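A.B. asks: Residues per chain are reported as follows:
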Amino acid sequence: MSLWVDKYRPNTLAKLDFHLEQGERLQKMVTKGNFPHLLIYGPPGAGKKTRVSALLRELYGPGVEKLRMEHQNFTTPSNKKIEVMTVASNYHIEVNPNDAGIYDRIVIQEMIKNIAQAQQLDIGGQREFKVVILTEVDKLTKDAQHALRRTMEKYMTTCRLILCANSTSKIIAPLQSRCLAIRVPAPSQDDIIKVLQMVSKKEGITLPADFAIRLAERSERNLRRALLMLEACKVQQYPFSVKQEIVEPDWEVYLRETGQKMVSEQSPKALLEVRGRIYELLSHCIAPEMIIKKLLKEILKNCDGQLKAEVTSMAAYYEHRLCLGSKVIFHIEAFVAKFMAIYKRFLEDSFANMM
Amino acid sequence: MAPTTLLIVESLETLFGHHASQKSQNCCSQGRHSKFFHVDRPEIVEITGFRLGRAYHETCVLKENKSGRCTKEGAVVSASKLKTNAKTPETPLQPVDIGSVFGNKPIQRSKEIPEKRKRTVIEDHSDEDFEATLQQLDEAPVTKKSKVVEKSTSKKGKTDSPTKKEKMKSPAKEEKSKPALHLKMRKHLQKSQPGWNEEKDKRIKSQLKELDSNSNKTSSTPKSNKKMKAETTIVKETPKKKSSKDDDDDDPDVIDSPAFDALEKRKEKAENYRKFLASRRDGGAKNPGSKPVPEGAPGCLTGLTIVVTGVLESLHREEAEGLVKKYGGKAPKAVSKNTSYLLAGDDAGPSKLSKAKDLNVPMLSEDDFLKLIATRPAGQGLSSPAAKKAPTTPRSAHKAAASRKAEPEPPSKPITVSSPPKKKSPEPKKIDLKPQQSSSTAAPIRKAEPISVKMEVAEGNDQAQLPWVDKYKPTSLKQVIGMHGDRSIAKKLVYWLKSWYDNRGKKLAKPSPWSTNDDGAFFKAALLSGPPGIGKTTTAHLAAKELGYDLVEMNASDTRSKRLLHEHVMELLSSQSLSSYAHGSAQIEGGRKRVLVMDEVDGMAGNEDRGGIQELIAMIKTSKIPVVCICNDRQHPKIRSLSNYCYDLKFTKPKIEQVRGAMMSICFKEGLSLKPEALDEIIMGANQDVRQVLHHLSMLASGKKSLSTESAKLEASKSKKDLKLGPWDVVKKVFSAEEHKGMSIHDKTGLFFQDYSFGPLFVQENYPCVVPQAAKGNAIKTLDLLGRTAHCMSQTDLIEKVIRSQNAWSLLPVEAVFASVVPGQLMEGFISSQIVFPSWLGKNSRTNKMDRLLQELQTHMRLKISGSKRAVNLDYLPYVLNSIVGPLKRSGADGVSEAIRAMESYDLMREDLDSLLEVAQWPHKPDIMAGIEGKVKAAFTRAYNKEAHMTPYAAGQVKKGRSKDTADDLEALDGDEDGLAGEEDDEEQSQDPSLDAMIKVKKESKKTASSSSSSGATAAASRKKTGAPAATRGRGRGGRKKAAE
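So the protein sequences, as listed, match chains A and C.
For reference, each letter of the first sequence is one residue, going 84 to 438 in this note's numbering.
For reference, each letter of the second sequence is one residue, going 278 to 1322 in this note's numbering.
None of these hints come from the bench; they were simulated from the model.
Since this is a predicted model, take the numbers as computed values, not measurements.
Glycine residues also receive a C-beta, built at the ideal position from the N, C-alpha and C atoms.
Some clues are possibly wrong.
Quick list of simulated restraints, FRET-style, between CB atoms [as the list claims (entries may be wrong)]: (1) A:A399 x C:I933: 56 to 64 angstroms; (2) A:E356 x C:R1081: 36 to 44 angstroms; (3) C:I933 x A:H403: 53 to 61 angstroms; (4) C:E954 x A:S409: 49 to 57 angstroms; (5) C:S1168 x A:G287: 19 to 27 angstroms; (6) A:S409 x C:L1002: 21 to 29 angstroms; (7) A:P268 x C:S1021: 52 to 60 angstroms; (8) A:H403 x C:P1203: 34 to 42 angstroms; (9) A:R151 x C:S1168: 32 to 40 angstroms.
No farther apart than 30 angstroms at their CA atoms in a straight line, the calculated lysine-lysine pairs in the BS3-like style are these [said to hold, decoys possible]: (10) A:K376 x C:K1058; (11) C:K750 x C:K932; (12) C:K932 x A:K222; (13) A:K352 x C:K1018; (14) A:K317 x C:K1212.
Chain A side only, calculated, beta carbon under 10 angstroms to chain C, not exhaustive [stated by the list, open to error]: (15) N249; (16) I276; (17) S366.
Chain C extracted, bound-state conformation (with noise of 0.2 angstroms):
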């Protein structure tokens, strides 16, 4: 397919005249495309006047021309001709016969639709195919001669049509549509020559391969069409130059079989390697920075081309081609005729190795390598490895030729910059194709990783382009940061994903949540929780690679509301991974293993995200697939009820020795030489966030190269992550003298906003333990500071008080003075005991309660008493309690019915007899109570609970839980209540024997109480709501119990 598309890339360019003359050439030296293009040039004549332009050009060269307008003869195809016929589509069209070129015989098409769909599948791997052909062809210094074309081809490049200039301007869209274009391309022939079906697909195939690189490699030659034509003959001895000087009738077979077998083979190799490629990831070295790098001199590999392959001792394969780009060298990642030496270490790819050996090229050990460096005088020239390598090579004169030419490379480059993202993957590779020399044998190895593919765009053009984070972004586990060990949190990651299907088959208990050696089996889901930048979102996501798990992300950035959730991930349940597909890998086995990664999980708040989390706990309990969790904030009341589900890991900050190796490494890498002491400020500075401290780096880099520790020190303070405090740490600062030097003004109200509601109340509650230092000790000083302070305070809560009832929010900056600032100023010293939680939060709730009590027992009593809740609480409540307190102390049991009368003629019920005594209790008064005998307590609940007690209110409220009660009451109630009381009792006894005397003491007691009150008690009863004497039998029981106590 690609050939195609480059074809037509550069026929647009052809027209736009760019290339112009090239390309006519270019088109004309294969007679094979001609055909291709008269077959389709009905319908591309109305798609564009450039393939019009273009099938007539060809029409031309094949001296097919009825117009008999252009001539071939002209060595140069004049760009005036080209222009005409691009801008009066019509003119060529009408006197070229259709019939005349394809016969006359009906089209049919329907027929092999599915065959053709088979095809593409086939012709999607040709992809790779191309890519080595590509190889093959390409030659190293293209850049310098692809200005020579730019020129001259810019004299000739009037031709522009605005139509084509916006197709110029997107040819990478055009080659995204290659695919289409393909197969349009592939309909038209079957429409017009039916007989082809059998044997088109080989035959296209073929065609498209000869083609491309017969474009590939000609395009660029600024020659004649003659000429041109007659290099091709030479270079390729291909069966079809003849076909295409001989018109449409050639026949095809005779290579093609031949050439798609070894294809095939390629292929399988290419896909081999790539799963050893991806079995090791990493070029991780087996003991990084276990050798020294020595200094080489600038440019002391200049012109070499080493090639780096398997693991080396002591550098990561990236530092090594990171070493060799530095001096000057290349380092591609395939073996080609121009490479000059193999760098390799341990299980060194097989094909490299062997490719190595075919071409004679000379191995080196990292040792040798290192000495390389070491010894090799500054800028060598390119001589010595050319003048090697220009004998051995059989094509060299071709290479020769072929570097004179111009490449379309320049023009190529920004098509792939600005290529939509979609097709990223195979875009990149194209490029860095192009800038090395490498055989065709190795280039699938590209297609390894897109990261290191990205690298080296990024290392190619000697200019960091990508963020250093993304640059250096770890690309195995391993090369997390605190990752390395066999009990890290990586590693319990990994065994728990691994095992995780496995797991859901057993049966598991829950594990102890205090268990500490917990796998995780239990948990269908994982939460790793930490702070930012330390690497939790690459650890899941490397842990799923490693596994070869197909991960699913959803971040902030997706809407993650209840619906959403569902849906989406009902999707994934039942869908399958297109990645397989999408590799171009073979084996599609009935789906890979997923995982669905939810990051941010703290974030799903708000509207947009409503019920998210309770959504994502269900969705846990149901998934098929592992759910891994990530968030910040691990303590946030959201999150709790989800980490119930989810096995828990803790990522920690790494230490700080841990950070700073890997940031020197990448330093060294970047040439930023950095003292480790300076860069420990850095890591402190950004309190181990390595995120933080790459962008930091980075910034540093773009600056001067090098940084001193005072400098460092003072970076470090500058870019000082704003940390957030506790408010015990910002009343700390607040208050000590120490914290105040080189803090302004505004660090001093920043310390306010760290937490605005709570600063203020910390502040206040904990200032006069300040010892100022301004007082010197002076008793009356440090009162007089307090009393500033403190009206301070009050002047805080005054604003405040405005700040929340007019929304006066612009008031804040003021508070935040006279909240932290002044305070702090005048109080200036340490702090003198613990810092102490406010108490006002706890008190004041505590006058809540007191109050709504206070309440409660207005209301009770307010039929009786004419004063408000105030007068109550200040005026009735000692002389209320009193009056019932008193004849108990008095009298003990003889006062209880006086006391119950007292509560009656005041409406109170037993529950607000505790309101009095809770709030007419003080602090160092002995208890109300205590002056009177618990038989007398028990008496007296007895006996209020005895008797039905009116009440003006309903007293419905009490209590719940009291239903069951209720038959039995409304059977005392009509009279029975001696028996039942007596059951009870019998009850009790059964359960508890050992209290017998006391029960009945109880029994007695409780029985003249309901004879005498019996008949009260009815008549009472009958007036009262069905509610009360539930409640009172319920606590009568109760009572009971106590006094059994």
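So here's chain A without its partners, still in its complex pose (with noise of 0.2 angstroms):
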């Protein structure tokens, strides 16, 4: 009895449930067998790995579900040693090269070439190529990336890449080039609503609009949420009442807190307090980003016009900066600590203009 949101997912491109029309151009492309490389890209919770499970389901039929998980060793040049657990069926292999950290670039190297200069010995009533997925290509290190490039077009006749990444941005140019990119959309908050009022009917239980709507608002638009908090919200009371609290994840609350302590005390002991917080919250892995865009959201329930601006800008530079520094929390703290200067004026201002 897994959770409704790994019961319910579609495992074959027609059953999709949103973004038909990608779907069907997906399947013409399986169809028609001219496969190139694919880069989907997608923000979380908006179907990438089910689609790409279902275009393998396509690709080779359902023996692709008849899947194992291998344990790979590789040694780096330094003599140390790395394992990498992969998933595979017969035509395909998944692996995240991240896990490997920043030795991905052995990953890429070894693993991926081997499968990739393997021929396929029956051609006959199979693909011609093997699939390899690699997912969070956006985390891969530029070594890594770029030791990608040449292998990607020099084994294409024996194997596919399908590359999976939350965004581009990250990806370097030459292998944006060398794949055919998907985007996939977070799912409308009416494809919500639909998935959910859906999955409902298959449990048998009644799910009130409004509080599919609350659902959908409060998922942002990740589908995955959404229905992870619909069947919290059915163990934690049924039927539904409109008035229902919606569960909501404990890091999520805390970095709100957090937040909202940032906006009510200004002080050096208050951001010695903050500072804790955030450290808690990384060392939860919180992604770094994910804590500023949080944060900035509390605060600026408080702010006015100009200084919303001012404030988001500041955000946007030190999020930028800590993805180029290494030490995170540098650079939230800087955050933290510019925002407490520029609010307790803002608020000096605004109380002696009251005055």
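Using the hints, put the two standalone chains together into the complex.
C.D. replies: What follows is the structure, encoded as structure tokens:
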């Protein structure tokens, strides 16, 4: 009894619930036999992986769903052993080179080349190529991405790559140009509601429309989250009431509280407290970009027009810097400290105006 | 041996023309020698023209000259003739018939070789003998005369040929080769005159001795051959003069044996005295500084020769000698006719006393001496002692005559300087002998200590040539600053070393590391640690010296890799020290005790010394000699492993007062007047590093001779030793407004470089705690400054990233500005709370751990979910956890199966649940498992472990150490599970019968669970890796135990 989100995952392109047009196009691509390297990108919870697995099934039939997990070992030039877990069927292999950390280049070079170099013996009844799925490509180091370049061209006949990413901005241009980029946008609110309703029907529960809308809003167009929330709410209280509280993940709550702290008090002591909270968030592996984004969102509720612009540009500035730097906390804290200074002044000014 | 060498040196000079005339006369006057050279000639001719010339010359003198070119009647042998001789070596050779000189007997030499060797040993000792003779003949005011000689000879000195010049320049080398030459000469003698063999030994000796004395004395006389000869006859009533005239046929036996005996006796005495000296070693005072030293008039002791002996009340012997010298007097080590006074303290040398009595030298006590200084008028001439002495000395006439003669001293001085260090010990001895007028009896005393000799040289030249650090190097343990006490480290070390060999026989227990009065008997090695410049190495050396151990030192200048260390020490253990031979001491008693000093062990690093520490430890374990290791950093990780095997002796910095006392006395000796406060400043500035202080003082002394406190303060701050600051201190300095006064931007940058990887972290951690002055308490201003500082830190991070990723280390100064200078400037003020260790390090490792857990979770759930690691963290985590924990919460034990099914559906293992809980737990939130009873938890664990779970991934890497259970488990899988479980429970029961009830409950539930799932389990197991059940099994037991609690 897996969660609904996994239980009702469509496994063929035909069963997709949204982006239908795109689904059709993919299907056509498969049937025509003209299958290039793909770069599938989009926000989390939009259905990238679902589309990829459906595509694979379209290509190879149900046999592709017989998956096995394997550990592959690599040795770096500095004699460090790395272990990478792969998920493979007879027809494809899926790997997240990111698991090897900064040694992802080794994984790309060794493994993918090995796979790509092997020729398919029996061409009849099979596709002449295998598929390699690389996930989180936007987190690959530049070295690894460059290592991928030539491989992609050279072994085109035996191997196709499907790259999954959240954003193309961190993928080098040569890779982008070698792939057919397919954007999987986040589902619209209506799409989400539609899916929620469908799942509810299949589960045999009634979902009030208002509640569905609220769920869709809260999910931030992340279908996965919407479904998880729905299930959590059902567990919490069924039948649903319109006023029912929607269970939020703890980290979100914690992050919001942190934002409120920043607004409520501006002092060195508050700065230290906020720092502690940010450390906590970071140690829970909440992405720093996410932290800044959510903090900003919370802060902006208390800012007027001009201040909003100023704070937002500041957030963007430090978000950029944290991508460039190595110690995330330095930049987030700089943002927090700067904001505190600006906000304190803003408060004083508005207080003076009121008097 | 020495005489020969000297002779050769001189004869070399002869050829060069420096002292051509004198030398030739000199040679002529010694019939003996000429004989030697005759004998030598055939070989020597081949070697150098010089020798040939020399030989030729001799033949001339002896009227054996067949060519008849050189006549003897001329008062001075003309230089030009010598020149021709030298330049055309063949011409004089031809006419000389060897047979005519030596006879035609066959040469026999081989049989005597062992004998010869014996002889060399004896000859070795004749060194002292020679010195004594030399001393006897030595005249005081040599330097002036030598100039004259130079002048007179330079006129004639045109004979130089290039090859000879070379030789002339390195007479020291020649000197060195003296034993060889000597031997060779002897060989030739044998060769040519086999009849000699029986008495050759003695004879040669006496000959040599005489030859020396003669040459020494006469070499400088710029007089004619004849005259010279005449003089020698007067001065020395040895029977050899006759023989010299008589040609070869002399008989040396007459004087030989008694002279030899006396010589032996003297040697013995000298030996005794040296031993005595060695036992006391220092001229330390009984109560140093107990008496005030009066200011005497400058030069008040001029012309006086005062010998200091014994232990004085308030002055070190060196100090007393220093005083004498300071006031223009001379302070030789030995009593001679020229000695004006003998300043005798307790335990004065008996030989000195007796000698003084013999020579009627008046004795002084220390008080008398001080009074003498205080009362004597300035610049008193030589007259009084000289006048007093003149009648008493029987040989004054001779002395006067000799004093007129030139001594080849100046040329010999550079010789000794340029000589290679091998021969060092005899050489300085020789120099300092010369400027002193002392009688032969006390001559061997000079051998006492190389250090004191060195100091004498330095002071004799009235210039500090040695750095002060060496000059005032402690010569006994008592002199080491801070080592006076009975419980001092030095004492401990000495005691440890002394008892080392005894302790090895005993069986000793390792002492507790906290025991304070451990004498280290257990340990085979000692580890001296402490800051630099406080005398660790010196202490080690002196301790070894004090105990008479031979010391083998290896320091950072030696490569100390594993292999080399091994070889070196093996050698050390299986060999014997040569130093006892080299010192000439007769007693060679089965090898002396040895100690290995490993200096600077913390420097044993890098490729060069790979494995050094490990080898050292291994060595210590098996060592048969004590090992003393010395290091600065006791906490170094490498040293830490070593320190387990070492008697830990920690040196601490001496107190300022301790250093001050010693430094004051040095200042006084060097005539540097320095106020104690000023000195304190310098000492503090150097951080009580004695070596540093000495360097600093000597630098000051080279400039002005006095220093006020203020300027000393300035000096001290200028020369302040760069101290290594800990990161805490760095942060304090970065933000403290006080410290910023007088700090340049350079200094502030320097703070960053104290530790550039740690510094920024500390600054970042602590800047919000600073109360900035600039804000003046204004909250907005403070926040503004905070913001700017935070921005700087963000900049720092960017720079650091670039530095690390692109190896752009040249950017470090830029980082320094952003990490230390600008934040310091902005937040200048004081730190309001305690400085905190950067939390980033801990948090970062926690982040990494969480990341690892998440990755594992994601890989385990991978087949069932589509999300990435991040999606798992942000979205799935709470819901998955809820689907597992929820049923347990809602329905307790009944929810167990549901929870397990939830876990199975996501391929999660029991461990994954723990990681899930850890990752999902947030602070200020109640524990997720809080609402669940322990019983339910236990039931859940048990139920989970009961079943074998299928995972798509290899679960083999779960845990180690369970292999023992595998056999049982395999049995259990055959269907005998119930019985086995029962057995196990019985086991537990017997272990802890009080838990009866609970176990029963458990057993029941388990049995039901197992019976319901046994078929499934076996089926599953067949598809499973064998590792999985083992793990399951082990965990099961753990779970039950947990439940029991």
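A.B. asks: What are the numbers of the hints that this structure violates, sorted from low to high?
C.D. replies: Hint check: 2, 12, 16 fail, others pass.
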